[in-house]
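Colleague: On the provided structure of chain G, position chain A as indicated by the hints.
Protein chains: 2
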Amino acid sequence: MKLSAGIEQAIHCVTMLATLPDEGLLSAASLAEFHGVSPSYLLKHLQALSGAGILQTVSGPKGGYRLAKRPDDVTLLDIVLAVEGPEPAFRCQEIRQNGPNPLPKKYFRRPCQINAAMLRAEKAYRKELGHVRVQDLLDEVQADDDGAIADRSCLFFEEHMR
Amino acid sequence: MKLSAGIEQAIHCVTMLATLPDEGLLSAASLAEFHGVSPSYLLKHLQALSGAGILQTVSGPKGGYRLAKRPDDVTLLDIVLAVEGPEPAFRCQEIRQNGPNPLPKKYFRRPCQINAAMLRAEKAYRKELGHVRVQDLLDEVQADDDGAIADRSCLFFEEHMR
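The listed protein sequences correspond, in order, to chains G and A.
Under this note's numbering, the first residue of the first sequence is numbered 1300, with each subsequent residue one higher.
Under this note's numbering, the first residue of the second sequence is numbered 1300, with each subsequent residue one higher.
Any given hint might turn out to be false.
Since the list gives no way to pick out one identical chain from another, each pair is judged satisfied if it fits inside one copy or across any two copies.
Pairs of lysine-lysine, DSSO-like flavour, derived with a Cα cap of 27 Å [as the list claims (entries may be wrong)]: (1) K1361 x K1343; (2) K1343 x K1405; (3) K1426 x K1368; (4) K1404 x K1343; (5) K1343 x K1301; (6) K1301 x K1426; (7) K1422 x K1301.
Simulated from the structure, these hints should not be mistaken for lab results.
Chain G on its own, in the form it takes in the complex:
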């Protein structure tokens, strides 16, 4: 089981955009350059984040992306669901209904216990992701930063922010 590379890129971009001065924008190309990733691949994920209301898109030659919400109002779960979609990782194919001498439908009214157990585990996973806000990630980075990390971002903003 593998989360797409886009998840890592999306989280990093959202976290970076959370530090942009008000009204500032960064283009997809700039975000791709800063993170050393493919612009076309990143663009898909930025569009997904925008579609989910996490980022705001401003169109046009001076356009770009900014955060559409406060950093304490966006969680890792929001980002993962925006990029990967809402479906659970475990997709029950109801194989219990297959095979010889299948049981009557009445035995399948309640969800398969295997499906239920797998979904409960995913619920715990999503709950943990839902506890981590972008603001928490920013706080952790800041706590460890002697200024070099912030300086590097600021320099990039000066050159690329719209």
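Modeller: Then chain A, alone, in the frame of chain G:
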């Protein structure tokens, strides 16, 4: 993010084998037939379960699979890790080290906070999966069974068990 269809098949097969009478075996072909799935696809996952010590393989024309452990000693986590492998779903590519004006290596000694947060969430997921034993699934099925589910399996064992 999607777990492979093999996970569902593997869990169902392990659960079925947990109800086999002692020393009984079921072949990969029988397990595939009962679950209405592709034998060659299923075989890969049975081999993975055997490699992980969850199933025991008996070779030969009268060979097949049986549980290698007690049903209360096999968890959903064991099965998921056997089939999907041990790697986490989130695979940090260290993109924080990319881009212009990269920071010196000393800033990357500790894991990226994003990676740490994603892995903590997966740990919660795995912890939940680790709580569910095959015996628990059997107990749940039995609790709901008016006998028809057990009868169907028994009939299949009579015809296919080695």
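Colleague: For each hint, tell me whether it holds in the structure or not.
Modeller: The hints, checked one at a time:
Proximity of K1361 and K1343 under a CA criterion of 27 Å is satisfied intra-copy only: 19 Å inside one chain copy versus 53 Å between copies. When the C-alpha separation of K1343 and K1405 is checked against a cutoff of 27 Å, the pair qualifies neither within a copy, at 44 Å, nor between copies, at 33 Å. With identical chains, the CA atoms of K1426 and K1368 are at most 27 Å apart within one copy only, with a shortest distance of 20 Å there and 32 Å across copies. Taking CA atoms no more than 27 Å apart as the test, K1404 paired with K1343 passes in neither setting, with 42 Å inside one copy and 30 Å between copies.
For a Cα distance limit of 27 Å, the shortest separation of K1343 from K1301 qualifies both inside one copy, at 18 Å, and across copies, at 19 Å. In this homomeric assembly, K1301 and K1426 come within 27 Å of each other (Cα to Cα) both inside a single copy, at 19 Å, and across copies, at 18 Å. Taking CA atoms no more than 27 Å apart as the test, K1422 paired with K1301 passes in both settings, with 17 Å inside one copy and 15 Å between copies.
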